[in-house]
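First to last, the protein sequences are chains A and B.
For the first sequence, numbering that gives the first Met the number 0 puts the final residue at 372, and the numbers step up evenly by one.
For the second sequence, numbering that gives the first Met the number 0 puts the final residue at 198, and the numbers step up evenly by one.
Treat the hints with care, as some may be off.
[What the hints assert, rightly or not] Computed list of lysine-lysine pairs in DSS-like fashion (alpha-carbon distance at most 30 Å, straight line):
hint, chain 1, residue 1, chain 2, residue 2
1, A, Lys368, B, Lys36
2, B, Lys174, A, Lys369
3, A, Lys368, A, Lys57
4, A, Lys225, A, Lys69
5, B, Lys174, B, Lys36
6, A, Lys225, A, Lys191
7, A, Lys69, A, Lys293
8, A, Lys293, A, Lys191
9, A, Lys293, B, Lys36
Note that these hints are calculated values from the structure, not bench results.
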Amino acid sequence: MVRLEDGLSLECGEHIPLLEIAYCTYGQLAPARDNAILICHALTGDQYVAEKNPLTGKPGWWSRMVGPGKPIDTDRFFVICSNVLGGCLGTTGPTSLRAEAGAAWDSDFPQITMNDIVAAQVKLIDHLGIGRLFAVVGGSMGGMQALTWIARYSDRVFAALPIATSPYHSAQNIAFNEVSRQAIFADPDWHKGRYRDFGAIPARGLGVARMMAHITYLSEEALNRKFGRRVRQAGVTLDTFLFGEMFEVESYLRHQGSTFVRRFDANSYLTITRAMDYFDLSADFGGDLSLPFKDCRTRICVVSFSSDWLFPTSQSRVLVRALSRAGANVSFVEIESDRGHDAFLLEEPDLDRTIHGFLDGAAEHAGLKKVQN
Amino acid sequence: MRVDQQIIAEMITPGSRVLDVGSGDGTLIDYLYRTRKCDARGIELNMQSVTQSVAHGLPVVHGDADHDLAHYPDDTFDFVVLQRTLQAVERPQEVLRQMLRIGRHAIVSFPNFGHWRLRLQLLTTGRMPMTQVWSTPWHQTPNIHPCTIRDFVVLCEEENYTIRQWLAVDEDGAKAPWRRSVRWANLFGEQALFLLSRS
Chain A
0 MVRLEDGLSL ECGEHIPLLE IAYCTYGQLA PARDNAILIC HALTGDQYVA EKNPLTGKPG
60 WWSRMVGPGK PIDTDRFFVI CSNVLGGCLG TTGPTSLRAE AGAAWDSDFP QITMNDIVAA
120 QVKLIDHLGI GRLFAVVGGS MGGMQALTWI ARYSDRVFAA LPIATSPYHS AQNIAFNEVS
180 RQAIFADPDW HKGRYRDFGA IPARGLGVAR MMAHITYLSE EALNRKFGRR VRQAGVTLDT
240 FLFGEMFEVE SYLRHQGSTF VRRFDANSYL TITRAMDYFD LSADFGGDLS LPFKDCRTRI
300 CVVSFSSDWL FPTSQSRVLV RALSRAGANV SFVEIESDRG HDAFLLEEPD LDRTIHGFLD
360 GAAEHAGLKK VQN
Chain B
0 MRVDQQIIAE MITPGSRVLD VGSGDGTLID YLYRTRKCDA RGIELNMQSV TQSVAHGLPV
60 VHGDADHDLA HYPDDTFDFV VLQRTLQAVE RPQEVLRQML RIGRHAIVSF PNFGHWRLRL
120 QLLTTGRMPM TQVWSTPWHQ TPNIHPCTIR DFVVLCEEEN YTIRQWLAVD EDGAKAPWRR
180 SVRWANLFGE QALFLLSRS
């Protein structure tokens, strides 16, 4: 964890007086400080990318991708992953104490944007004494951060891998997020965001929000294959008294919802989903998506998944065409998968090959030392 | 690498910016980067080939000649290469225009439909010819716009393109001795290779 006493000025005009960033690192920073890869996590992800998560006890969310000899090889690269601004796992967010007030921000936490989230990462990279990152890698909201990096700090990133993402949050994406937020607002324990003052958490609302969002991360085919219409006998509760039994998919979603509530804060969820909704790289450029990438020298590899309906391939294609218009060095792969948006977190050999090969090729162009076999 | 690709590579100035449309497994762009220090990129329709290329560290975009060239600005490249693909695109004339808009030079190779074997088959059997080069039956072929060397020369004249260099090559890629006469090349050349520029 790093404490930055000069804080962070936000796009909305507010200033956070004390900025704390929680992060994990893996591998060794080369003497030339040229082998650092920043991994940006998704909406509900965290900094524990390749190690046991102390909160859930589960392995890191991308431990199959990051490690010695893995596609993002920590024998070769120095990997950094930080908890995003507005998060609830150590980086300044709604659950952090306000320096001056002595109490948590809670619902007073200012509205942040993807630019603010990345600006906080820039401060961390500065603090670590790294002038230029070798690569920025991220899926979903992590991909939005990777795109923000190359749009705003292209000269500080040699290569970028935005995966299963989009250059703007679409109306459908915003609509899904709004349903999640309304579920939280409708919870009687919500108390207009001051729930901690009442010793409560809006667990049902946050759980429902997570259940709904989780459906959007999967595909119809993946759900059918995993659960079909199988039914199970449930223990006797108020719900099962009415219905007797329940579908396995229902039980799965309830489990997803209830475990999420234990590890995530509702105000953080609201803050970050809103930051995603505001995300539109072309907004400051009269709607021309190629302008933010003008003079972009970063080598970029865009990856999408064929069954992703949250960030469909069509959005990646819009991005790739804009990058081509800007003359950027871009690669684009659509990976055939029936597992929906979540495919980037799962065992997909084509994704592993793509990430490994792209980073390898980029390393060669960057003049990084060959890995010792 | 195929010999015709070798000939294409020889036409390309070292250190130049190259777009290979229909880059396949990326052999040409890899060769151009390694031996000629070119900034070479690819567009490829077949996703498996794209994944393979990117996994080898080559910059390749999944896309096609008909729809994706329009997104590049004027003069982005020094050379735009189209290997054995012109006959399979939806609008060959438009693809050529785009190639010579985004690139200063275009290198185009295509199988010659004027080859004597094809002429003879059509004449004697009255059916669509099938050879080693034109190997799929008419109802399955992706080659929707076959043309002959003479057809191509006429198109270049109409569009006001300068033919800087041209030659006929055999299927195994060897240079054929017909390069002096369009008429002979059109009869005996299996493949044609043209280096064009704007007039």
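Quick rundown of the hints versus the structure:
{"no.": "1", "hint": "Lys368/A x Lys36/B", "verdict": "19 Å, holds"}
{"no.": "2", "hint": "Lys174/B x Lys369/A", "verdict": "39 Å, violated"}
{"no.": "3", "hint": "Lys368/A x Lys57/A", "verdict": "34 Å, violated"}
{"no.": "4", "hint": "Lys225/A x Lys69/A", "verdict": "27 Å, holds"}
{"no.": "5", "hint": "Lys174/B x Lys36/B", "verdict": "25 Å, holds"}
{"no.": "6", "hint": "Lys225/A x Lys191/A", "verdict": "37 Å, violated"}
{"no.": "7", "hint": "Lys69/A x Lys293/A", "verdict": "33 Å, violated"}
{"no.": "8", "hint": "Lys293/A x Lys191/A", "verdict": "43 Å, violated"}
{"no.": "9", "hint": "Lys293/A x Lys36/B", "verdict": "24 Å, holds"}
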